[in-house]
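Protein chains in written order, with my numbering: chain P, 27 to 444; chain B, 27 to 444.
Since the hints were derived computationally from the structure, they do not count as laboratory data.
Mixed in with the good hints there might be a few duds.
Copies of the same chain are indistinguishable here, so a pair counts whether it falls within one copy or spans any two.
Dumping the calculated DSS-like pairs for lysine-lysine here, alpha-carbon to alpha-carbon at most 30 Å [stated by the list, open to error]:
1. K102 - K118
2. K384 - K38
3. K46 - K238
4. K138 - K384
5. K238 - K72
6. K427 - K238
7. K105 - K68
Since we're looking at a predicted model, the values are computed, not measured.
There are 2 protein chains.
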Amino acid sequence: MEKAMEVELKAKKARIAARKMAVLEENIKNLALESMAEALVKNINKILEANEKDVLEAEKRNVKASLIDRLRLDEKRIKAMAQGLKDIAALKDPVGNIEEMWKRPNGLQIGKMRVPIGVIGIVYESRPNVTADAAGLCLKSGNAVILRGGSDAINSNIAIASILAEAALRSGIPEGAIQLIENTDREEVNRMMKLNGLIDLIIPRGGASLIKNVIENSTVPVIETGVGNCHIFVDETAKFEMAKDIIVNAKVQRPGVCNAVETVLVHKAVAKEFLPIMVRQLSSLGVEVRGCQITKEICPEVKEATDKDWETEYLDLILAVKVVENIEEALEHISKYSTGHSESIITENYENAMRFLKAVDSAAVYVNASTRFTDGGEFGFGAEIGISTQKMHARGPMGLKELTTYKYVILGSGQIRK
Amino acid sequence: MEKAMEVELKAKKARIAARKMAVLEENIKNLALESMAEALVKNINKILEANEKDVLEAEKRNVKASLIDRLRLDEKRIKAMAQGLKDIAALKDPVGNIEEMWKRPNGLQIGKMRVPIGVIGIVYESRPNVTADAAGLCLKSGNAVILRGGSDAINSNIAIASILAEAALRSGIPEGAIQLIENTDREEVNRMMKLNGLIDLIIPRGGASLIKNVIENSTVPVIETGVGNCHIFVDETAKFEMAKDIIVNAKVQRPGVCNAVETVLVHKAVAKEFLPIMVRQLSSLGVEVRGCQITKEICPEVKEATDKDWETEYLDLILAVKVVENIEEALEHISKYSTGHSESIITENYENAMRFLKAVDSAAVYVNASTRFTDGGEFGFGAEIGISTQKMHARGPMGLKELTTYKYVILGSGQIRK
Numbered sequence: 027m028e029k030a031m032e033v034e035l036k037a038k039k040a041r042i043a044a045r046k047m048a049v050l051e052e053n054i055k056n057l058a059l060e061s062m063a064e065a066l067v068k069n070i071n072k073i074l075e076a077n078e079k080d081v082l083e084a085e086k087r088n089v090k091a092s093l094i095d096r097l098r099l100d101e102k103r104i105k106a107m108a109q110g111l112k113d114i115a116a117l118k119d120p121v122g123n124i125e126e127m128w129k130r131p132n133g134l135q136i137g138k139m140r141v142p143i144g145v146i147g148i149v150y151e152s153r154p155n156v157t158a159d160a161a162g163l164c165l166k167s168g169n170a171v172i173l174r175g176g177s178d179a180i181n182s183n184i185a186i187a188s189i190l191a192e193a194a195l196r197s198g199i200p201e202g203a204i205q206l207i208e209n210t211d212r213e214e215v216n217r218m219m220k221l222n223g224l225i226d227l228i229i230p231r232g233g234a235s236l237i238k239n240v241i242e243n244s245t246v247p248v249i250e251t252g253v254g255n256c257h258i259f260v261d262e263t264a265k266f267e268m269a270k271d272i273i274v275n276a277k278v279q280r281p282g283v284c285n286a287v288e289t290v291l292v293h294k295a296v297a298k299e300f301l302p303i304m305v306r307q308l309s310s311l312g313v314e315v316r317g318c319q320i321t322k323e324i325c326p327e328v329k330e331a332t333d334k335d336w337e338t339e340y341l342d343l344i345l346a347v348k349v350v351e352n353i354e355e356a357l358e359h360i361s362k363y364s365t366g367h368s369e370s371i372i373t374e375n376y377e378n379a380m381r382f383l384k385a386v387d388s389a390a391v392y393v394n395a396s397t398r399f400t401d402g403g404e405f406g407f408g409a410e411i412g413i414s415t416q417k418m419h420a421r422g423p424m425g426l427k428e429l430t431t432y433k434y435v436i437l438g439s440g441q442i443r444k
Numbered sequence: 027m028e029k030a031m032e033v034e035l036k037a038k039k040a041r042i043a044a045r046k047m048a049v050l051e052e053n054i055k056n057l058a059l060e061s062m063a064e065a066l067v068k069n070i071n072k073i074l075e076a077n078e079k080d081v082l083e084a085e086k087r088n089v090k091a092s093l094i095d096r097l098r099l100d101e102k103r104i105k106a107m108a109q110g111l112k113d114i115a116a117l118k119d120p121v122g123n124i125e126e127m128w129k130r131p132n133g134l135q136i137g138k139m140r141v142p143i144g145v146i147g148i149v150y151e152s153r154p155n156v157t158a159d160a161a162g163l164c165l166k167s168g169n170a171v172i173l174r175g176g177s178d179a180i181n182s183n184i185a186i187a188s189i190l191a192e193a194a195l196r197s198g199i200p201e202g203a204i205q206l207i208e209n210t211d212r213e214e215v216n217r218m219m220k221l222n223g224l225i226d227l228i229i230p231r232g233g234a235s236l237i238k239n240v241i242e243n244s245t246v247p248v249i250e251t252g253v254g255n256c257h258i259f260v261d262e263t264a265k266f267e268m269a270k271d272i273i274v275n276a277k278v279q280r281p282g283v284c285n286a287v288e289t290v291l292v293h294k295a296v297a298k299e300f301l302p303i304m305v306r307q308l309s310s311l312g313v314e315v316r317g318c319q320i321t322k323e324i325c326p327e328v329k330e331a332t333d334k335d336w337e338t339e340y341l342d343l344i345l346a347v348k349v350v351e352n353i354e355e356a357l358e359h360i361s362k363y364s365t366g367h368s369e370s371i372i373t374e375n376y377e378n379a380m381r382f383l384k385a386v387d388s389a390a391v392y393v394n395a396s397t398r399f400t401d402g403g404e405f406g407f408g409a410e411i412g413i414s415t416q417k418m419h420a421r422g423p424m425g426l427k428e429l430t431t432y433k434y435v436i437l438g439s440g441q442i443r444k
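One chain only, chain P, in its complex shape:
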């Protein structure tokens, strides 16, 4: 295959595959997912060998340890990928469901049928498990997928994708349903993002700069994922114990993920009493607290926050804290700095709870719960391809249903328009 034409050729194959995928029965897709899972386990050594090349290469380039950790596979991680595919097989297939059907006065029956989107491009970075997750979710939802992983993981991705594609093909999935772009040049992904008519949707998964590049350059529709500058507002009537537990959970349980809390806003009426309790607990867990002027007056041990802190997604054991006059100021602050991911109010006041739910314009708005629940699994979707922080098509955790669209099916008996 000529290198320069790779993405175009694969997108054309995917387009043809997508048409066949759309009418596949669920049981064929499930069998394929099961045999893809088996194939991963059977080929653990092959995958580990390829992965070893990537890891050595990365070490040679002095890539930082946390990235190498994301990149590195072991038997356990590969088995987890296989289990992920089996879990997807067990989920309900949304394709073909008619969600509503209504009758018009002229007798036309109009229904809304779930159908696959078509060809989905996934642009991602160094985690090779995305290759299996994305292939599985796209397959189950009847979409052809074009995977474009980062150069760091290219050997691992080639190994995984080829094992999956072969197993799928053997199980009756059309050729071209799962394809990986092997050319890791930047121009290749730029060409991919212009293939309107061949690719229906691009989902970027990765850091802020990857996402920004896709949004700015793609003419194919994009679903923006991931960036989460999440807030928790501790209202005047909050139960301190609950507020503290929720904040600790949202910050500490897994600080490196998008639904972790980054800024806590505290009602001034309870700041003096609540802040010392919260800061003590967080400090004991290794969290660096950066506070506004009032926070510093109450807890002199905290660092001073600057304006930059309000807009930072730390993804780390750091928390910004600000004392606010009232719920209005909290809403104002959230509206200014939130990335539209997840925000929570801790309150015992019904009116404020309802007001917060209504006014905050984020994918997930909570009362009295940790922001860490914004997740496909926790929402009951079984799996997710990412968390959308944009407003079009899908918002929040994207499961199988969010990888589909609908079409209208209209049953007539000769109706013509007057």
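Given the structure of chain P, go ahead and fit chain B onto it with the hints provided.
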């Protein structure tokens, strides 16, 4: 206002307005729509005066008659705009509806609440009635709107938009909810399409070149509307009378619209008997038929179709006709040439009807009905802002619900993630 900054400044105002719009009660929005309707009628002379300028200007530039007709307003058309706003007031407001709510094992109640999209940009051409329609639909669905009409209708649009914005403001709608961009330079719309963070969605309404420009240049999400190369397939078992009536309706009732049929595919088993009936009727109604080789053999009076005909949206009294071997060839042809708008099968065969519904990947797929029903009013949505031919977010006629998105609202009682 400095001209070069117009769209940025208005987008910022719209962003602020959108936040307030999102929490407006329905009755305030309805009162505003009523008073906007009244204001249009009260200011008919002002609008006609502005429109007269546009028409004279267009005539000076020798703009073709059909465009001038679209541009020209009269009392009747203005009253129809006003009635349109009243009709929108009567529709159900989707904002705030919680469509589903489910309980997780940990007791969290998770609901999906309809919310406005935020700030919507409408880019359109010379029909000034779009100004009122789009303003009304966006207002009712809780969105702030930025209107960017064509230079041809600029005086009419300024008059209409300022009347609407004033009436809305007087009724308690926040300032900045309805704004028109007065600078009609091409660069202004190009800047508008890059205002990510300020504008949430752009909907282009107009001809193919306008839509193409928006898709290629917008970094803000876009919903593609309108282009319809629609097909009707006359199957072997079709009732001839029904097939003829549906085809005539789909071609002749209003040929200049996107849901009119452009190509008819006829099963070869009935071509000899059916084509003469169809061609005779169409010819008597002034339709030019362009047929494939076999069609020409059966009806020598028709013109010969070239490959170009299969891909043309005539929007005129012209129809392409092709005889196909079977339903497979029909599906193949549709898959190759359709723009994903509306397709219909005329058949008495249950299996083929189901197959067509499943396999055709268009926004609206019909059995035994005219493609002309693809329309917000005909589907029962009351009104529409356009017909989406893309797959993301909304497909087919877009009513009020399609101008909204959702957020998850989560009611907890202190839940933290394990």
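To see whether the hints hold, each was checked on the structure:
1. K102 - K118: within (26 Å within a copy, 53 Å between copies)
2. K384 - K38: So K384 and K38 pass the 30 Å test across copies only (22 Å; inside, 44 Å).
3. K46 - K238: between (33 Å within a copy, 28 Å between copies)
4. K138 - K384: Both: 28 Å inside a chain and 12 Å across chains, each within 30 Å.
5. K238 - K72: neither (34 Å within a copy, 46 Å between copies)
6. K427 - K238: Intra 25 Å, inter 29 Å, cutoff 30 Å: intra and inter.
7. K105 - K68: within (10 Å within a copy, 72 Å between copies)
Hint compliance for this structure: hint 5 is the single one not met.
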